[in-house]
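Q: Please take these sequences and the hints and turn them into a complete structure.
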Amino acid sequence: MSPSGTKAVSTILDRVIASERTVSVFVVLLGFLCGTVLILAVGRNPLHMYEALIQTLTGFDLTRGTWNSRYIGEWLTASLPLILCGMSMGFAARTGLFNIGAEGQYIVGLTVAQFVALFGPRVPGLHWMLAVVAGGLAGAGWGGIVGWLKARFAVSEVVATIMLNYVAFFLSRYFTRLIPDANTYRTPAFPETATLSNRLLEDLTNGSRLNTGLFVALLACLAYWFIIERTRLGFSLRATGLNKEAARYGGIKVTKAIVVSMSIAGAFAGLAGVVVALGSFSYGRVLGGYDNYGFNGIAVALVGNSSAGGTLISGLLFGMLASAQPLMQSRQIPKEVTWIISGLVVVFISLRSGFRMLLEWRAKRAAARGERLVEGDGSE
Amino acid sequence: MAGYAIEMLDITKVFPGVVANDDVTLRVAENEIHAILGENGAGKSTLMSILFGLYSPDKGRIRIHGSDAAIKDPNDATELGIGMVHQHFKLVHNYSVTENIILGLEPRSRFGTVDLGGAERRVAELSRQYGLAVEPKAKIESITVGMQQRVEILKILYRNADILIFDEPTAVLTPQEVDELISIMRRLKAEGKTIILITHKLREIKEVAERCTVLRRGHCIGTVDVATTSEDELARMMVGREVKFRIEKHAPKPGPVILQIESLTVKNSKGYPAVQNLSLEVRSGEIVGVAGVDGNGQTELIQAITGLGDCESGRILFKGRDITLASIRERIRMGMGHIPEDRHKHGLVLDFRLDENLVLKTFDAPPFSDSLGMMDFAAIASHGERLISQYDIRAGQGSATTARSMSGGNQQKAIIAREIDLSPDLLVVAQPTRGLDVGAIEYIHKRIVDERDKGRAVLLISFELDEVMDLCDRIAAISKGEIVGIVDAEGADERAIGAMMAGIAKPEARP
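Just so you know, the sequences run in chain order A and B. Under my numbering, the very last position in the first sequence is 405; numbers go up by exactly one each time. Under my numbering, the very last position in the second sequence is 512; numbers go up by exactly one each time.
Simulated from the structure, these hints should not be mistaken for lab results. Just so it is clear, CB atoms sit at the ideal spot from N, CA and C, and this is done for glycine as well. Certain hints may be false.
In silico contact screen, one side only, chain A against chain B (beta carbon under 7 angstroms); selected entries [claimed, not checked]: (1) Phe260; (2) Ala264; (3) Leu267; (4) Asn268; (5) Glu270; (6) Pro351.
A: Put into structure tokens, the structure is as follows:
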């Protein structure tokens, strides 16, 4: 490569790695590039994948020239639990915790919401709100247990959350099956007052399952941003996450921060459970396996850099990949491509430090050639 | 002289953003003791790492005993007879002296097993030859730091080195151990070895070295004969200007007792008592120094006083109130400032902005946050700007600079600004000048004396005896977690303090 070419490449690289945001965008583009190459390699037309994605995002079917807003609604519906679980993971990460237990907190939130839906007061307006609050609190409690175990007994949150995922799963199955008239996979239908279905949103999206959960997620996102960026609590949590020892030295009660952070993280995952239980289903489920939203939330938070806005966008991205699957299949594109793309995005984002090393190496080489000799400022 | 053992010619080494060595030339004669003098960050360690094969130079040549040498890794260096005594020892603590020495070079017996007996005889013989008095069968964990250093020396001699590099060897030693080390160096020279001594302590150079090469900010300032060069001249070469070594301060005017420690016992992380039955008083308007070698309970003592660690027994009274069980925040609120030993671990959140770091202890109260728990970032930024100009903190983007991107000296200034701005009644200062250059050291010492003159109580913990002797009004020597003796700094005898640091109680009467 010519010197000017090399320089251009390193300038672009510099820009990309300069901020976490550009890294995420770059990494997502790279993921799609790989997906495109892969589709070419198996002898299909990658344009069909993009057609499917465009249809998911806008509702336009480019092959037939039709428009159906239901696709947008389904995309948003699929994104909601991903956004909420991403925020669960991300909030804990900001405090330096690895919340791999969003799945368990999600299940607890979902289960409690189902119970409130079936046995709560059937007052319109109040009933579903009660379910939302109860589910969020249940998730907070489930996360808080982990925080308390870590703060009090120094139990690794990674181990504790994984274990509690199983506990949540089997408790949910056990208690849900005790409900009268429940069979091995479902409970009786929820009363109308309990569901999150929203006539306006349904009408707007041509009868999709989009529901009031949309507002729950948006409010949660706002709360996330507000707590982290604007409040004293957020400041102490961020300090704890970046340097626990310095936070303690500054007078912050680190143990309390851990419990609070895990509780709030759990609340987000619990809300995800509520939104799925009462938004996408009209009856309680006896879970047959993990829904995996909690685990996918890890990827969402990683790509979203654990910020409120980033997690929202990255949740929408992963939601798009998930809800585009049937449209891809109908266009002879293997739906597994979406998983490959999500997987690659996560792998690439983990390579961030690799990019940084590459950049440092380049700077070093440039310096060795004498292109850029920067003297120390002399203060040390 | 009979030619050069080492010639490093026109060495240049660049790290991203910094030229660590810029056209540096070092010539060490055969069988000489050659000192390399320079401040932290002057490029001494880089130069030696290049000689030892840890870094490869971007430019320049190395000649060993008159012939060109390509040193790609430490194995090449070892083969050429170059050995290095690192500042931080590299020893396996539950192995014996001999086992550590032969590690990687285990002699085999006829049956393929390790010939430990033979190795022990060889180690004993080397130890005798150079007057090291090391017991070959002793476990590393049971011998003193000074002895551990000799094991490092033996490790090199065992590998037949004839050029020995000592990297800041006296940093961890008591004054007595320093004397012993110097006589060992002389003995090594007498046995025909060539020695390079890396240091920033002028006195050691005057005492043992024949010639001295001075580095400053990556440049070679010159090589001088030690015998004909005064300490002042060496200092001027090192710093680039006149340096006052004496700290100017008036006699202290001690007031009431601010900090009172009563028979304090603190356990370390392994559950052993690190501080034992320790009592100490600090009055307002005085600086009390705790002198001791690293690892004698200083860290645990500070943590107990500041609340970072728990006490086992005893009491700590601050302004007459028992704070033994008080939280860290309560102690801060009561007026305790703390300049921590490890500024990266405790002092700063490196990925926070500078202004956020400057409110690390006060963010939870007005004007930085209100009663509803909302932060006021505008107030934080203007507070940051005020401290930046008041304490002359150099930061590229002002209060928005990330702490990580600042130089060590400015990071320390930021911590000092934050702590002094609390206007604390008690300032606990640990290792305030470690790793800083002379300019920053002077500044920090002056600020500490200013605090004393304002009537604050200052407790200083430092591993540099010189710093304690210069700065303090009273000196408490600590050894194995106990205060061995307390003396007035005025007219204090360095030898006597050294003896106390080694655990030998202050003699009642001296001739």
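Q: With reference to the structure, classify each hint as holding or not holding.
A: Going through the hints against the structure:
1. Phe260: Holds, because the Cβ-Cβ distance from phenylalanine 260 of chain A to chain B comes to roughly 6 angstroms (cut-off 7 angstroms).
2. Ala264: holds (5 angstroms)
3. Leu267: holds (5 angstroms)
4. Asn268: holds (4 angstroms)
5. Glu270: At 5 angstroms from the nearest chain B Cβ, glutamate 270 of chain A passes the 7 angstroms test, so the hint holds.
6. Pro351: The hint is violated - proline 351 of chain A has no Cβ within 7 angstroms of chain B, the shortest such distance being about 43 angstroms.
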